[in-house]
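Colleague: Now for the letters of each chain:
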Amino acid sequence: MPSPAPARSIEELYCDHHGWLQGWLRRKLGNSFDAADLAHDAFLRLMQASRSFDDTLAARAYLRTTASNLCVDLWRRRQIEQAWLDELAARPEVAAPSTEHQAIVVQALLEIDAMLRSLPVKAANAFVMAVACGMTDREAAEELGVSTRMVRKYVAQAMLHCLRLEARGTAAELPAHAPADARPA
Amino acid sequence: MSSSDLSCAPQSPQPSPQALEQAAEWFALLRSGEARDEDRAQWQRWLDSAQENDTAWRYVEQISRRFEPVRSSPGRAAAARGFGIANTRMARRRQALLGLGALAGGSGLLAWAAWRHTSLPGMVMAWTADYRTATGEVRNVALSDGTQVWLSTASAFDRDYRGGLRRLRLVAGEILIQTAADPDRPFVVDTPQGGLRALGTRFAVRLDGDVTVVAVFQGAVEARPADAGAMRIIQAGEQTRFTGSALAATQAADRAREAWTRGILIVENVPLADVARELQRYRGGHLGVAPEVAGLRVAGSYPATDPDRALAMLESVLPIRVRHTLPWWVGIEPRQGAVPGG
Numbered sequence: 001m002p003s004p005a006p007a008r009s010i011e012e013l014y015c016d017h018h019g020w021l022q023g024w025l026r027r028k029l030g031n032s033f034d035a036a037d038l039a040h041d042a043f044l045r046l047m048q049a050s051r052s053f054d055d056t057l058a059a060r061a062y063l064r065t066t067a068s069n070l071c072v073d074l075w076r077r078r079q080i081e082q083a084w085l086d087e088l089a090a091r092p093e094v095a096a097p098s099t100e101h102q103a104i105v106v107q108a109l110l111e112i113d114a115m116l117r118s119l120p121v122k123a124a125n126a127f128v129m130a131v132a133c134g135m136t137d138r139e140a141a142e143e144l145g146v147s148t149r150m151v152r153k154y155v156a157q158a159m160l161h162c163l164r165l166e167a168r169g170t171a172a173e174l175p176a177h178a179p180a181d182a183r184p185a
Numbered sequence: 186m187s188s189s190d191l192s193c194a195p196q197s198p199q200p201s202p203q204a205l206e207q208a209a210e211w212f213a214l215l216r217s218g219e220a221r222d223e224d225r226a227q228w229q230r231w232l233d234s235a236q237e238n239d240t241a242w243r244y245v246e247q248i249s250r251r252f253e254p255v256r257s258s259p260g261r262a263a264a265a266r267g268f269g270i271a272n273t274r275m276a277r278r279r280q281a282l283l284g285l286g287a288l289a290g291g292s293g294l295l296a297w298a299a300w301r302h303t304s305l306p307g308m309v310m311a312w313t314a315d316y317r318t319a320t321g322e323v324r325n326v327a328l329s330d331g332t333q334v335w336l337s338t339a340s341a342f343d344r345d346y347r348g349g350l351r352r353l354r355l356v357a358g359e360i361l362i363q364t365a366a367d368p369d370r371p372f373v374v375d376t377p378q379g380g381l382r383a384l385g386t387r388f389a390v391r392l393d394g395d396v397t398v399v400a401v402f403q404g405a406v407e408a409r410p411a412d413a414g415a416m417r418i419i420q421a422g423e424q425t426r427f428t429g430s431a432l433a434a435t436q437a438a439d440r441a442r443e444a445w446t447r448g449i450l451i452v453e454n455v456p457l458a459d460v461a462r463e464l465q466r467y468r469g470g471h472l473g474v475a476p477e478v479a480g481l482r483v484a485g486s487y488p489a490t491d492p493d494r495a496l497a498m499l500e501s502v503l504p505i506r507v508r509h510t511l512p513w514w515v516g517i518e519p520r521q522g523a524v525p526g527g
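Chain order of the listed sequences is A and B.
Residues in the first sequence are numbered consecutively from 1, following our numbering.
Residues in the second sequence are numbered consecutively from 186, following our numbering.
Hints were generated in silico from the structure; no laboratory data involved.
Ideal Cβ placement from N, Cα and C applies to all residues, glycine included.
Honestly, I wouldn't trust all of these hints.
[Unchecked claim] Partner residues aside, some chain B positions facing chain A, computed with beta carbon under 8 Å:
1) 210
2) 218
3) 219
4) 220
5) 248
6) 249
7) 272
8) 274
9) 275
10) 276
11) 432
12) 479
13) 483
14) 486
15) 490
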């Protein structure tokens with residue numbers, strides 16, 4: 001982990017820009033709770049990146065970009081979480097998960113999403129279906145409406161994509177809201 | 186199968202591209218349900234034949250481990266399916282954002298201004314919805330089971346017809362639904378505030394800020410706010426509104442909730458401010474009303490899909506003046522010399 005920026009300059013940046021960033025986020029997101037959370041996370045990232053800026057414009061441009069990315073992450077998180085809950089609601093035979101269990105599963109799905117983000121949608125969906133559910137190629141093919149040959153191809157394609165990320169070390173990047181020690185042991 | 190340490194920084198050098206490709210192929214084969222004993226023996230030989238193969242397989246295991254919390258969850262099928270739906274939707278959003286200008290719909294300046302007055306998340310969800318209308322557009326679609334849905338201006342909904350259920354999610358605006366009969370598949374509509382179940386019907390659902398409004402014209406609808414234990418059946422000729430936690434008293438259905446499907450705004454003794462707000466949904470941009478005239482009562486039928494003509498009609502029957510400061514910035518103010526009546 002890179003050494004944090006000298007405490008004083010972070011304080012200055014915070015004083016100068018936190019209020020502005022929170023206002024910008026509130027307008028973008030339409031609510032102040034999310035805005036406060038993401039403003040906080042943006043400054044955390046700033047600390048970890050240990051950046052310094054020439055002027056206000058540069059600092060705000062950086063913060064705005066960081067905050068935008070966090071907004072996208074938040075939106076993705078909500079999409080994934082809501083889609084899962086909707087599916088569960090349609091399956092009354094599955095007991096509603098505890099909040100804790102929900103958080104764990106959503107976190108895992110977010111990490112998987114981070115890995116698969118730049119993969120074509122069909123391959124990513126097939127990979128998740130096959131691997132998360134432990135389905136055979138035949139079962140997955142039926143579920144997805146494709147041939148078993150395609151399932152095998154998608155799984156290999158997706159795994160290769162993930163392997164390349166892993167080899168580059170970028171797969172270790174966690175999504176925005178994860179506390180640093182949330183990785184499964 | 187080696188399951189040694191989990192360090193992400195192996196002491197051995199990086200595997201070659203071929204080793205990674207082979208590892209991916211082996212993974213796909215071994216988990217396919219079609220691997221035979223000979224295949225597993227081959228795989229073991231491959232694993233032992235080079236250090237880089239072993240390293241590559243370690244990566245495979247690391248990646249596979251990320252699925253563990255999902256795999257061991259009783260809700261794993263739901264999670265996998267949900268992920269697929271969300272992923273597809275998010276990919277569509279990326280494409281939508283790339284074509285931002287084209288998607289805003291309508292004439293450039295007006296559409297851009299309309300976009301700026303809406304909060305981003307709701308708009309984006311509307312862009313990626315399965316069905317949507319632009320500002321000022323009223324449209325009718327037929328779904329695969331014969332159900333008809335009319336969409337009001339700037340409205341959007343998603344359709345999910347899998348399993349034994351026909352489900353729509355209203356994302357923005359207002360829709361009118363005429364359900365096709367299907368005894369085996371219930372018909373439900375979800376909104377941010379809760380859900381509705383159709384009991385053989387024709388009904389309108391509208392998002393009004395944080396409130397869902399439902400008006401029934403034929404048959405009946407069961408309305409259920411998300412958090413409240415309460416549920417109520419709304420009959421033909423009735424309507425109600427609800428938030429996530431509360432269900433308001435049932436009232437008579439407002440004809441306006443059906444008239445819009447014919448492009449008509451029916452107004453029965455309603456303050457001018459409310460009429461202006463409704464017209465703005467069709468016109469986009471800003472449509473402000475001066476406080477002195479905001480309370481003037483309006484009655485009549487107005488062409489919703491021609492909002493400027495509607496404004497002209499209002500101008501001819503009320504002591505008001507419609508000022509078009511800019512095409513997308515319009516203000517309604519008292520007409521000079523006229524004294525606004527009660």
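Colleague: Look at each hint and say if it fits the structure.
Modeller: Here's how the hints hold up against the structure:
Of the supplied interface hints, the one on residue 210/B holds, with its beta-carbon coming within about 5 Å of a beta-carbon of chain A, less than 8 Å. Evaluation of the residue 218/B hint against chain A yields a held restraint, the C-beta minimum of about 3 Å falling below 8 Å. Hint on residue 219/B holds. Least Cβ distance to chain A is approximately 6 Å, under the 8 Å limit. Taken as an interface hint, residue 220/B does not check out: its beta carbon lies about 10 Å from the nearest beta carbon of chain A, beyond 8 Å.
Taking 8 Å as the C-beta contact cut-off toward chain A, the hint placing residue 248/B at the interface holds, the least distance being around 5 Å. Given the 8 Å rule on beta carbons, the hint for residue 249/B holds: about 7 Å separates it from the nearest Cβ of chain A. Annotation: interface hint on residue 272/B holds; nearest CB of chain A at approximately 6 Å, less than 8 Å. A distance limit of 8 Å between C-beta atoms decides the matter here; for residue 274/B the minimum to chain A is near 6 Å, and the interface restraint holds.
Nearest Cβ of chain A to the Cβ of residue 275/B: about 6 Å, under the 8 Å cut. The hint holds. Interface restraint check for residue 276/B: the shortest CB-CB distance to chain A comes to about 5 Å, inside 8 Å, so the restraint holds. For residue 432/B, the suggested interface contact is broken, since its CB lies about 20 Å from the closest CB of chain A, more than 8 Å. Taken as an interface hint, residue 479/B does not check out: its beta carbon lies about 25 Å from the nearest beta carbon of chain A, beyond 8 Å.
At about 30 Å, the closest approach between the beta carbon of residue 483/B and any beta carbon in chain A exceeds 8 Å, and the interface hint on this residue is violated. Given the 8 Å rule on beta carbons, the hint for residue 486/B is violated: about 34 Å separates it from the nearest Cβ of chain A. The closest approach between the C-beta of residue 490/B and any C-beta of chain A is roughly 28 Å, which is over the 8 Å cut-off, so the hint fails.
Figure legend: structure checked against the earlier numbered hints; hints not met, in rising order: 4, 11, 12, 13, 14 and 15.
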